[in-house]
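Residue numbers (the working numbering), protein chains in the order written: chain W, 283 to 1058; chain X, -17 to 141.
Careful, some of the hints might be misleading.
To be verified - What follows is a list of derived Cβ distance ranges for each label pair:
1) W:Arg548 - X:Thr(-3): 32 to 38 Å
2) W:Glu920 - X:Asp(-12): 28 to 34 Å
3) X:Asp(-12) - W:Arg312: 29 to 35 Å
4) W:Asp967 - X:Leu46: 25 to 31 Å
5) X:Pro4 - W:Glu920: 53 to 59 Å
6) X:Leu46 - W:Thr801: 35 to 41 Å
7) W:Ile751 - X:Leu46: 25 to 31 Å
8) X:Gln51 - W:His986: 48 to 54 Å
9) X:Gln51 - W:Asp967: 32 to 38 Å
10) X:Pro4 - W:Arg548: 29 to 35 Å
Worth flagging that the hints you see were computed from the coordinates, not collected in a lab. Each residue gets a CB set at the ideal place from its N, CA and C atoms; glycine is no exception.
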Amino acid sequence: MSAHDHDIKTWVGRSIRRVEDPALITGRGRFTGDLAAQRWVSFVRSPVASGRIKAITLPPGAMVITAADLDGVKPIRPMLHKFNYIPISHPVLADGVVRFMGEPVAVVVADSEEDAEDIAEQVELEIEETPPLVDARAAIGEGAPAVHSEAPANVIVEGRVKTPGFDDVWTSAAQIVSVDIRSRRQNALPLEPRGAHAAFDSVSGRITLTCSTQMPHLMRTAIADLVGIPESDLRVIAPDVGGGFGQKMSLTPEYVALVWLARRLRMSVAWTEDRRENLIACFHSRDQYVTLQGAFASDGKLLALSADVLANIGAYSCFPTTCAVEPLMAMAEMPGPYDVRAYACHARGVVTNTCPMAPYRGVSRPVITLALERLMDKAAKTLALDLVDIRRRNLITTFPYTSATGLVFDDASYRETMEIAVEALDIPGFRQRQAEARKHNRYLGIGLATFSERTGYGTPAFAARGMEITPGWEVVDLSMDPSGRVEARIGASPHGQGLRTTLAQIVADQVGVDPSKVTVVHGDTDRTPYGFGTFASRSAVIAGGATLLAARKVRSKLLQIAGRLLEADPDEIELEDGAAKVKGTNRFLPVEQVARAAYHKAHLFTDLGPGLSETASYDPGGTFSNACHAVIVEVDVETGGVKIERYIVAEDAGRLINPMIAEGQIHGGVAQGIANALYEEIIYDETGNILTTTLADYLPPTSHEIPAIEIFHLETLTGDTLTQAKGLGEGGAIGAPAAIINAINDALSPFDITLNEAPATPQRIHTALQQSGKWS
Amino acid sequence: MTKKTDVTLNINGQTHNVSVEPRRTLADAIREDCGQTGTHIGCEHGVCGACTVLIEGVPARSCLMFAVQADGKAIRTVEGLAEGGKLHPLQQAFMDCHGLQCGFCTPGFLMLATGVLEREPDISDEDLVDVLSSNLCRCTGYQNIIKAVRMAAEQMRSS
């Protein structure tokens, strides 16, 4: 608990320690890989990016399953009903054709993990290679082969938007500024790779799939559909999940194979992905080209914005969001926090012979923000304006604000957060220091990134996308038992965010007990109401709202029962410190006595009904968090290396339920954003072979590379969510690439560098320096 | 299947007589043959450090060792860190400083830091960052891990 917490009377708002921690710090966490199985499996994966399978030769005596054996298993076929979407089939095991390196072709079953791997190595694949498409631009080039026959031009989702009168505004502008952005491929890289354990129960005939997923209920729906069993025959458990960051929200074909195998063999089977598999075959993200043009008035006002977005979505479309998630989010949210009425965009998702793409922390907005904030800096330079001034002239300041694409922004603080960050940065002082340093051939730079982060949105937002499945709502079942303990069963399913603690704080305030008396149950389809899991910065907002509603219902009943027991009006009762107290008197009852009466003296409350169990659901329209990231970097022009000197985040996520947890989320997000800006990249060669197959090649940053992050909080309480909280899980990852790449460009301004690519590796910085002609 | 070898693993003071293939990693043997699943495996090629345990007091990647190499040696894992139900100062500090989120890398960080602080109690703050850079965390951004280890180091020095 931090010092200022003593002033807070509610549990909400306090940095209490996490209830998740004791098990995790003593080795008693329960992860998927901790379960023993009767059989182990290993996947045989395609060594090439593109080709036709001519023959699969199996070692004698081995149990190996191929597509031909998966009789009755349907291919994954994610659906979208808009945006010229072409559905393509994704077979659980490659069916005659391989479309990316690492695609599962066969599955080996053996008595141990080692044996399964040995046998997998002996399976011989004869594949007739065909020319692969690796790059999105190449895939839409003339004469490019089709990755899927259903989509001859390789574009499987396409959206266009143009506001009325756009052309007139465009031609009236004083200055057109243009940036070409390239955001390379990244891997979300949870420390725990994927893993699944599927067990057949010979008594009930049911299968329990324990797997590392962010959305157990939707996994149950999807897998039961594909395998052809009633949903009630499948139980999905997401135990402790060792990080997900979006990568574990999409359906993974391997889990379907495991369930099918458990059912076929009538025993338990397990698979744990190794790091190489995770790097080559588990959903990637970010791979986009964006051309962004701004039409500016001479005073720096942005009049119109025109974007072209090309997203490489890999070989298949992911379930449930579909591959539209990156290009269409770019189209909907490109104007970001800036007031611009005229907008045009053409966004496409393109299939290639690369690993499928899926949502990853920030989803498209790291790229949007990089493009927009590069545009702002470039426009400032072109129009001889200060980098802060140009933003001041364009940030949205009146709310609610309806964007050019129809999004309604609730109360936010774009301008205020930027001013806080700018003041902390001390730009005049920095400019002096920068000038002094340059005399000694040291190159410092500052960068800003201001952004809006759409969070906690419900079914209308997903319906607008035309999704076959519209997630959004959450249900919470909440019970106080006769001993006064509370259990909240939630459909959301966290993977490390501390949601059990956060929700317990919300409940504790309502029913007057310590959060330690509240247990939050999640991640088990048998124990929790149907829900959509944890993604899109939604859980604290949506599950939090449903929890608040359910807890208020229990509170209401507690007050009525306590009122009768204490012979007082329920309005005169307060619930706090584990007691129901009559205000202004010394009359009270412990909450557990009230709870016991609800169950065991129900004859006194027949009008209220027995017990203390309530259910509530919540489906909000959504809200927008915002932040400004400000950074100082130093670029070593000899090595191309970048060192981050200061990193500032001025963040506004509405009401902070647990500031300690909120800051932890920001730290982690920024670290992934720094990784995106400077280090991490999945590299394919021209044959579609991945060159970054170990953590020694794919460079996740360590404690050396991540600086201390200075956080300033603003709390603009939104009226659009029940808890007044906005989601914040992704913001850190959104702002960092733009702020850092802007700072690198500022540092290298004496060389007239234009670097518009993430990650800005030493090699790319060096190339840019050499191309500038001003460095030798 | 390869022929198995009898090995004695001494984990947190308890003797485990197991029969393993010579190629079985120490991490797998600790987890699967000895049932101590607190030690995690994140990469199996020695970069992430999630599998770090102490062998004769020295932090080691248990994914890069074979179980047969640890025959008879004293191994400490996260399960042995708390004594008599009392949390180790590092465990307490990780909780107090929010030094973990998903918790998957945490056992590795705890064992790494334990090994270092026991051998070098007066280690400087800068050197600690250096040491901690040998393990990867994907959730916390490291800041709170560093804070936690520094806090624990101070407490261990003063106790």
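Identify every previously stated hint that the structure contradicts and give their numbers, smallest first.
2, 5, 7, 8
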